[in-house]
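Residue numbers (the numbering used here), protein chains in the order written: chain Y, 1 to 388; chain Z, 1001 to 1388; chain V, 2001 to 2388.
Hints may contain errors.
As the list claims (entries may be wrong) - Derived DEER-like restraints, expressed as beta-carbon distance ranges:
1) V:GLN2035 - Y:ASP333: 38 to 48 Å
2) Y:LYS106 - Z:GLN1372: 35 to 45 Å
3) Y:GLU149 - V:GLN2035: 44 to 54 Å
4) V:LEU2378 - Y:GLU193: 35 to 45 Å
Stated by the list, open to error - Derived list of chain Z stretches under chain Y, where covered just means 3 residues or more per stretch with a C-beta under 8 Å from a C-beta of chain Y:
5) 1207-1221
6) 1335-1345
Because the hints were derived from the structure by calculation, they are not lab data. For each residue, glycine too, the CB sits at the ideal point set by N, CA and C.
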Amino acid sequence: MDKDGKYLKRGVDYPIIQGKRTLPGKYYHDEKIYQQELEKIYYKFWIYACRAEEIPSSGDFKLIQVGDESIILVRDKSMKINALFNVCRHRGTQLCTEPKGNFSSKSILCPYHAWAYELDGKLLGAPLMKEENGFHKDNFTLHKAHVHEWEGFLFISLATTPEPFEVQMEALMGKFSEWNMAELRIAHHIRYELNCNWKLILQNYQECYHCPGVHPLLSQLTPFQSAQHDSSKGAVIGGFMELTKERGSMTMDGEAAAPPVYDVSGDDLQRVYYYSVFPNMLLTPHPDFVMYHHITPLGTGKIVNDCYWLFHPEIINDKQAQKGIISAVEFWDLTNKQDWTVCEQMQTGTKSMRFDRGYYSGREDILYALDQELLKALGHDNPEEDGE
Amino acid sequence: MDKDGKYLKRGVDYPIIQGKRTLPGKYYHDEKIYQQELEKIYYKFWIYACRAEEIPSSGDFKLIQVGDESIILVRDKSMKINALFNVCRHRGTQLCTEPKGNFSSKSILCPYHAWAYELDGKLLGAPLMKEENGFHKDNFTLHKAHVHEWEGFLFISLATTPEPFEVQMEALMGKFSEWNMAELRIAHHIRYELNCNWKLILQNYQECYHCPGVHPLLSQLTPFQSAQHDSSKGAVIGGFMELTKERGSMTMDGEAAAPPVYDVSGDDLQRVYYYSVFPNMLLTPHPDFVMYHHITPLGTGKIVNDCYWLFHPEIINDKQAQKGIISAVEFWDLTNKQDWTVCEQMQTGTKSMRFDRGYYSGREDILYALDQELLKALGHDNPEEDGE
Amino acid sequence: MDKDGKYLKRGVDYPIIQGKRTLPGKYYHDEKIYQQELEKIYYKFWIYACRAEEIPSSGDFKLIQVGDESIILVRDKSMKINALFNVCRHRGTQLCTEPKGNFSSKSILCPYHAWAYELDGKLLGAPLMKEENGFHKDNFTLHKAHVHEWEGFLFISLATTPEPFEVQMEALMGKFSEWNMAELRIAHHIRYELNCNWKLILQNYQECYHCPGVHPLLSQLTPFQSAQHDSSKGAVIGGFMELTKERGSMTMDGEAAAPPVYDVSGDDLQRVYYYSVFPNMLLTPHPDFVMYHHITPLGTGKIVNDCYWLFHPEIINDKQAQKGIISAVEFWDLTNKQDWTVCEQMQTGTKSMRFDRGYYSGREDILYALDQELLKALGHDNPEEDGE
Chain Y
1 MDKDGKYLKR GVDYPIIQGK RTLPGKYYHD EKIYQQELEK IYYKFWIYAC RAEEIPSSGD
61 FKLIQVGDES IILVRDKSMK INALFNVCRH RGTQLCTEPK GNFSSKSILC PYHAWAYELD
121 GKLLGAPLMK EENGFHKDNF TLHKAHVHEW EGFLFISLAT TPEPFEVQME ALMGKFSEWN
181 MAELRIAHHI RYELNCNWKL ILQNYQECYH CPGVHPLLSQ LTPFQSAQHD SSKGAVIGGF
241 MELTKERGSM TMDGEAAAPP VYDVSGDDLQ RVYYYSVFPN MLLTPHPDFV MYHHITPLGT
301 GKIVNDCYWL FHPEIINDKQ AQKGIISAVE FWDLTNKQDW TVCEQMQTGT KSMRFDRGYY
361 SGREDILYAL DQELLKALGH DNPEEDGE
Chain Z
1001 MDKDGKYLKR GVDYPIIQGK RTLPGKYYHD EKIYQQELEK IYYKFWIYAC RAEEIPSSGD
1061 FKLIQVGDES IILVRDKSMK INALFNVCRH RGTQLCTEPK GNFSSKSILC PYHAWAYELD
1121 GKLLGAPLMK EENGFHKDNF TLHKAHVHEW EGFLFISLAT TPEPFEVQME ALMGKFSEWN
1181 MAELRIAHHI RYELNCNWKL ILQNYQECYH CPGVHPLLSQ LTPFQSAQHD SSKGAVIGGF
1241 MELTKERGSM TMDGEAAAPP VYDVSGDDLQ RVYYYSVFPN MLLTPHPDFV MYHHITPLGT
1301 GKIVNDCYWL FHPEIINDKQ AQKGIISAVE FWDLTNKQDW TVCEQMQTGT KSMRFDRGYY
1361 SGREDILYAL DQELLKALGH DNPEEDGE
Chain V
2001 MDKDGKYLKR GVDYPIIQGK RTLPGKYYHD EKIYQQELEK IYYKFWIYAC RAEEIPSSGD
2061 FKLIQVGDES IILVRDKSMK INALFNVCRH RGTQLCTEPK GNFSSKSILC PYHAWAYELD
2121 GKLLGAPLMK EENGFHKDNF TLHKAHVHEW EGFLFISLAT TPEPFEVQME ALMGKFSEWN
2181 MAELRIAHHI RYELNCNWKL ILQNYQECYH CPGVHPLLSQ LTPFQSAQHD SSKGAVIGGF
2241 MELTKERGSM TMDGEAAAPP VYDVSGDDLQ RVYYYSVFPN MLLTPHPDFV MYHHITPLGT
2301 GKIVNDCYWL FHPEIINDKQ AQKGIISAVE FWDLTNKQDW TVCEQMQTGT KSMRFDRGYY
2361 SGREDILYAL DQELLKALGH DNPEEDGE
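Please build the complete structure, drawing on both the sequences and the hints.
This is how it looks when you write it as structure tokens:
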């Protein structure tokens, strides 16, 4: 435990954990398991969708792809955000194909037979259709997903009756309020297309055993021994690492990219937090900015990973401050690409018939917790331990 | 009924048909259903192959792809047209790979071991093979499909014993004889590669509920209310729409592209006919020309659609008349592309888990008849009605 | 039998062999059979991997792809060649992605967590890992495949306990020693990517019934009637053809490309040998050079075929002698491409529903032996003969 008794300090020696082994390789390659993951996790859990600031005005929308599903995230006339299945109730036509934009008519028009919907999904009208013979507009509202906003981040759930957001995201509740993230704005975005399973990205993010070899610069700024976890169970898992440089940050020269964000103070001025928000988000608050990843699985070994950098709006608008933003983006783009290489090589290697299961070192015990969360969600038994 | 008591005039109000719902989404996406469609429809029904004029001389051939099968449609020395499986009887080598051409030697030579076949499929000779030890040339004739010519259109059936052409195509018998289509010639051809199921093209073609929104120009030339059906059951389904302009046609300016074709007269001078010839042809006779589509399915969500324009040969050879041809081609190319967009969006949307089945309006009742024809051919039960 | 009683001279008339038919088409197209072939043949038999000369020095390696497996073929400090599964024992990361190179550190470093292995696979060390709590480096040696060198050719077997090399390759033992192939060197390499099943390449190589039609130039240099087999059973099958030209060879002008190789003499000066080394190598010793193919299956209908030309090192280094090498390469590149065309057309044709099975002529009886070898390896019953 650290000085305030809250964090679990990792040991300095890291033998293999007795009996703790990785998932079998099929969890990264089997098409049936991937379909189960869509059904039992991506179509059921709260998953990250987009920032509220991306659809600021009435009529603004963004399409969110979740497995085979396309969701229209749209702000209606009352400024409420709705998550609508992108499927006309008449004969199933996809309503909208633009990745983002504004429904300037304040309605959604099916391109096929011109059925028109309000931005909250209600059927406004269908050409030539009278309300008779069993046709009632009220029965043709667009199917909806659930939406929850947390600190400016919009999460959706495609479940009919999702678990309360606060239950799934328990470890996030009250966390990071000093950053006032709802007021931050996107300063930069990079899209990565990767050939690996979505879970390998989460695993990569929750251990720094790989940092000395893979990330020499990162390891200078935040020694891997400083990693500590405060949440090590459930859908939200995370901890922090300590910045060696006084008032530093994760940038190319290790200097802060900007002044501390809103009310960040005390120990947090010397910490970078790494939170996995299972299943599809990685949240990385720094003293001076916030980085996050949005993972979209496209198959067993294929994902899109969108990486965003949030800064204080004044910094974004300050020409003098751009250098700091650029340095933070460059640092993480470099670091991201270092990670993608090893994740893609792990994807390939675990396909071998000789890979039954790997072994977790003491430094990687949180990954074992991630595996447990996955198995619980899938309703799978824990594979036999220590079969070797 | 219209004035001659033959046509079913659609109503003007179009509520949802009580209990009439579309096929479940799997019919557009399920690989197993697609394989059944190949086996029970494309490998069994009479399907459109090509125009007789495309292989006018002895030795002329065209390859026709039907699912996994390649068929050589070839005119032999006696000018008879044969449909030969493109597979050598020796060891299965594909005999011919050119999409079309002429067997100038008046024989088909296997490129592998030089077995030679006559244009009616008989084995002419095999190098070094003597007729002994159980080898008799008569036993090595190329496998054949059936061929039927109707009005210059060649249909084939891969069934061992197909239903008589006249039974499957009952509603075509005697129809359109005034056009003398066998004497028309191809003036233009456009190939479209589309990402949708083949059935969505047929559905799109048999209702004009979508016309006001999707086809503003077409709707000026032929108001959607004018649509009437005279054949609404079985493999051949169709009807017509009325041209608003006196002696007009479907062209960019609505003027006729050419004088009426052969003996077209009376009401037909003001009509455009839309006939679906299940499973893979759409036939659209205008007063002054004929357009048709040839659909080739390549997978659950992938087709090639070849669109042709037939004109009177004198028009094709008349330089002054080219403007009319171009206007007809431009009009339909524009209209086709409008349709392809909505068909592709319907393909995507119907994949959603929230799309159980859609609803047919009164204007779309013919599509329900198409669905029934499909289910009958597949031997599937009718899905439960009104499960909502 | 020929004059020394060793070779089986083929007949001059070649009727269909009573009851001998080809494999059913599914053996070239069925994904399940392909997976069985990987498991029961490619992951079990001795298969060709690379030439010893390709990794001449300590630390040199080449990656060999076998189905889903990647094998590092590496020469260690003691100059011994090891075949290591390219999979870290820690968590399954692929260790190496470069197709070939040199481990200059004389160790293999996992890019993820920096576990380091010796070139014989032993775990040298893992950062921070102490040997306690059940972690012992000896238990984390890289998985290994077996290696056998024959005449400079390296074969590997992924089986736990492979059949002795000498048993599988019985017909190669003592064969071709006059060529002293271990001393020959690669003069040229061409990679072909082909759309056909791997077995069609072996079949193509073991009959010259196709030569008159497909290879006019080859047939001048070696008449197809001259083909004789001395090994016609088991994994190694082969024979020779006779060169018409005194001291000729297989080149564009039929002249020798170089003086005879080492101790080649007597009848062998007028022969070209064609040996199939089941499952993935074709070996073609000429009097003056050796050509061989290395087949890598990538799917039911997809292979990479690497073709190499071996010459005496003095010829390779002699500027005056390049013309001969070029002529041999040109001849075989031309001949290869002639073969690839018919192999790819056989792949397509055998997919037809009308291809149940083909028929072997007397000239193709060795292919029947190849089929038997395959069926035995797969544990499949012989398909019913003469079902027609």
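Going down the list of hints, with the structure as the test:
1. At roughly 40 Å, the beta-carbon separation of GLN2035 of chain V and ASP333 of chain Y lies within the given 38 to 48 Å, and the hint holds.
2. Judged by the Cβ atoms, the range 35 to 45 Å given for LYS106 of chain Y and GLN1372 of chain Z holds: they are separated by roughly 40 Å.
3. At roughly 48 Å, the beta carbons of GLU149 of chain Y and GLN2035 of chain V sit within the given window of 44 to 54 Å.
4. With their beta carbons about 39 Å apart, LEU2378 of chain V and GLU193 of chain Y fall inside the hinted range of 35 to 45 Å.
5. Counting residues of the region 1207-1221 of chain Z whose C-beta sits closer than 8 Å to any C-beta of chain Y gives 5, which meets the bar of three, so the coverage hint holds.
6. A count of 3 residues in the region 1335-1345 of chain Z with a Cβ less than 8 Å from any Cβ of chain Y is obtained; the coverage claim is therefore met, three being the minimum.
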